[in-house]
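Knowing the structure of chain A, use the given hints to seat chains B and C on it.
Given next are the chains, with one letter for each unit.
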Amino acid sequence: MSLLETDGERLLTALLGLLARKGLVSDAELQERIAITDKASPGQGARMVAKAWTDPDYRSAMLTDGSKAAEAIGIPMRGMPPLGVLENTPALHNLVVCTLCSCYPRAVLGYPPFWYKSAAFRARAVRDPRGMLAEEWKTVIPDDVALRVVDSTADYRWMVLPLRPAGTDGWTPDQLAAIVREGDMIGVTVPHV
Amino acid sequence: MTFLPGDAIRVKDDWPESRGPVHIRTPHYVRGVAGHVKKYLGDFPNPEDLAFGRPALRVPLYHVAFDRTAIWPEHPAKDTLLVEIFEHWLEAA
Amino acid sequence: MRYRAGMDKETARAPHDLGGVSKFMCDAVDTEPHALTDFDKQVDALRGILGAKQVMSVDELRRGIESIPEADYHRLSYYRRWIRSITDNLLRKGVITEAELRAALEVS
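Protein chains in written order, with the working numbering: chain A, 14 to 206; chain B, 60 to 152; chain C, 73 to 180.
The shape of chain A in the complex, shown without the other chains:
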């Protein structure tokens, strides 16, 4: 059996020991990294969406330069891939996928969900998005709304700016952010009250 076929948990333990002894990766660094990564969550993207819904200048900024807009509300973007924002309109619904691997706007949404990385999602999203959204998420995109699938194949990471749902007049950004879910910012669901 080739070394590469060794059970993953054993490989990890062995590698971490080796790399620590070589002074390349310490356990402290590993734990620190995990703690930093854990800070990113869909709540961050939700804050951006809520601000865009209530502040037209921020919405423009977000669509022009997603990375700058994220930084503007305190989300660290240094060293991260550029963030692109796809705006849903009454005539257009966006769906993000990475058919080749799992590219995902981690800086603003955190770790990608399990399903986003699955073969089923990666295969079906580009070829039958309407069927998949209806069947798996009960999301029905009406016939008069165009559906655009965005395949993250290179350096950008994409998030969806969903449509603000009806029934939210006068809501504060915090109230609005609370109804924006992870799936809304990938395009498998739409926000609702």
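Calculated from the structure, these hints are not laboratory results.
Treat the hints loosely; a few may be bogus.
[To be verified] Below, in silico cross-link-like pairs of lysine-lysine (BS3-like), each with a Cα-Cα straight-line distance of 25 Å or less:
hint	chain 1	residue 1	chain 2	residue 2
1	A	64	C	81
2	A	52	A	64
3	A	81	B	97
Leaving out everything else, chains B and C in the frame of chain A:
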């Protein structure tokens, strides 16, 4: 930067996978397919070289739009795909 | 092997290139949230640190994953693909040697 927004292009009908180990970020389903440039996204180091630890030239990257029917005729005409594609994979259509 | 009219793109593609691939079109999407395990988070963090220290790039990670034989690619969990690729890359680059890795595995 060779292409402008609105330019009609065709993705090269090339299959480097058949010639040796490669790392290609142009999905199989758009090879040889016609679309149009939506936006120039900037220049980025060529991942095909980065993946092998080779020096990588910066290459223009575009957002390219395709009608789904150009790829999979069985689904609604209104729907589109948007794919990031490097310049060396595109030719004027 | 040039692509010829009528030649199946699905046959010509690399195994990880999954967009629209017919054999997955009827697979259910498991939409349940699956929490990341400690193993997952450690592998993820390891890759990030190796990237930040310019030991191994995300492109090299992807290349390593893409070289996993098709059956193993689909059998292995997401982060098990990662650790296999990280190991492959570190060996190829001489950051670690096979002998060192074997010795480290025997101890664990």
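Comparing the hints with the structure gives:
Taken as a hint, the residue 64(A) and residue 81(C) pair is broken in the structure, with Cα atoms around 44 Å apart against an allowance of 25 Å. Distance hint between residue 52(A) and residue 64(A) is fulfilled; the C-alpha atoms sit about 20 Å from each other, no more than 25 Å. With a C-alpha separation of about 22 Å, the suggested pair residue 81(A) and residue 97(B) falls inside the 25 Å cut-off, and the hint holds.
In terms of the numbered hints stated before, the structure departs from hint 1 and from no other.
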